[in-house]
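Engineer: Use these hints to put chain B onto chain A, whose structure you have.
Here the protein sequences line up with chains A and B, keeping their order.
Under our numbering, the first residue of the first sequence carries the number 1, and numbering increases by one thereafter.
Under our numbering, the first residue of the second sequence carries the number 1, and numbering increases by one thereafter.
Simulated from the structure, these hints should not be mistaken for laboratory data.
This one's a predicted model, so the numbers in the text were calculated from it and none came from an experiment.
Cβ atoms here follow ideal geometry from the backbone N, Cα and C, with glycine treated the same way.
Do not take every clue at face value.
Unchecked claim - Covered stretches of chain B, going by a simulated chain A footprint (3 or more residues, C-beta under 8 Å): (1) 55-63; (2) 66-72; (3) 196-210.
Unchecked claim - With the C-beta cut set under 8 Å, the calculated list includes, among others, these residues of chain B facing chain A: (4) 99; (5) 215; (6) 217.
Number of protein chains: 2
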Amino acid sequence: MTTHPQLLRVHNFMVSRDGFGAGEDQSLEHPFGSAIDPSALFSWAGATASWPGRTEPGGSRGLDDCFTRDWGRDIGAEIMGRNKFTPYRGPWEDHPDWQGWWGDEPPFHTPVFVMTHHPRPSLTVSDTTFHFIDADPATVLARAREAAQGKDVRLGGGVTTVREFLDADLVDTLHVAVSPVELGSGLRLWESPDDLLDRFHRDVVPSPSGVTHHLFWRR
Amino acid sequence: MTTHPQLLRVHNFMVSRDGFGAGEDQSLEHPFGSAIDPSALFSWAGATASWPGRTEPGGSRGLDDCFTRDWGRDIGAEIMGRNKFTPYRGPWEDHPDWQGWWGDEPPFHTPVFVMTHHPRPSLTVSDTTFHFIDADPATVLARAREAAQGKDVRLGGGVTTVREFLDADLVDTLHVAVSPVELGSGLRLWESPDDLLDRFHRDVVPSPSGVTHHLFWRR
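With the rest of the complex left out, here is chain A:
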């Protein structure tokens, strides 16, 4: 077996057929913006046995589940943008009790590095510790790799953060689930999935659930 390279991986990133992953007007009530019904993008994942948000037994273990269960495999840290952590902008002191969207048991179970221009002390919720870092993508990735202790690092989004790491050419693999809905506006991952083919191989895998999985890996 070869030595394991320490990859930066994007998983279960959900976009509309026209390439949008979120609206522009995120709020507490509308984490993905008011124009987006998240269920249109997320329902394929919620139906699987391995979706971290599942609260009942059951769920499918077919193709879609292959992707939801791959999310945690061999991951030692996550990187996310501030807008994945909170709907609030500005100084953290304005919302001192906010601990993320995930309640008392965040699904990460690893260190999480939150990119923000407003540093603050680290925050531990159950077995997840959030670190708040004001730095460029390469620096944040170096920190996350060190914390991951040889395991891979997951890039958790949102759209703006994924775009930043793609622009810096730091992403090794991406799994994007394209839903058969048109949103028309919002924050865009791409004009077309073909945009990435200069740097990535790709498999396109239609699922019985109606989404199309795009799997990219570095050339």
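Structural biologist: Frame of chain A; chain B shown alone:
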């Protein structure tokens, strides 16, 4: 998150389009029987980055790799038939030096339970310990589940062993990769993949590599 059920999983099980997984005349030179060129069944897996037998860097990280990398995820023990462990029949004393097909570093890294009518002391090679058990499938599965300490158990084959566990209705999920070759004879997994639909859901996923992945999970 729900409590994790302890599944019995079959992964990367490779059969021909006409349902054969091995020939009848296994030998040291022909682990899958003389009529089968293993490369016809295995090449899709060998091309992936996560195939345990890969000895060089590189390899694809697309759809086929989703399956090869799922092989070790959350597995705490493996069960295999004697014929997966050795080409030799009869008493173990006739081949005292045989330690399996995998050299000094077997890819399992967990306890492995070898089903055989010829018990013998356990054998440790690197971080894999092989236990040799003369018992029915349900008893072997109970032993493997205990050893897996809450993780899943993988059923590693060969064909005869997978059939025994299917007949005893002990298998929770199966991934079978069907290659576009006809073998005409040998040890048969099924007459048709539809044979299992009375008890399992199924997704059928064609891969760019030419194999078709069949994913089964319990109804």
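Engineer: With a cut-off of 8 Å between beta carbons, are at least three residues of the region 66-72 of chain B near chain A?
Structural biologist: holds (count 4)
Engineer: Does residue 215 of chain B meet its interface restraint, that is, does its C-beta lie within less than 8 Å of any C-beta in chain A?
Structural biologist: Given a least distance of 5 Å, the restraint on residue 215 of chain B holds.
Engineer: Take the region 55-63 of chain B, compare each residue's beta carbon with every beta carbon of chain A, and decide whether three or more fall closer than 8 Å.
Structural biologist: Coverage by chain A holds for the region 55-63 of chain B (7 residues, Cβ < 8 Å).
Engineer: Please check whether residue 217 of chain B passes as an interface residue: C-beta within 8 Å of a C-beta belonging to chain A.
Structural biologist: 4 Å, holds
Engineer: Given residue 99 of chain B as an interface hint, is its Cβ closer than 8 Å to any Cβ of chain A?
Structural biologist: Constraint on residue 99 of chain B not satisfied, violated at 18 Å.
Engineer: Confirm or reject the coverage of the region 196-210 of chain B by chain A under the rule of 3 or more residues with a beta carbon closer than 8 Å to the chain's beta carbons.
Structural biologist: With 6 residues closer than 8 Å to chain A, the region 196-210 of chain B meets the three-residue bar; holds.
Of the numbered hints stated above, the single one contradicted by the structure is hint 4.
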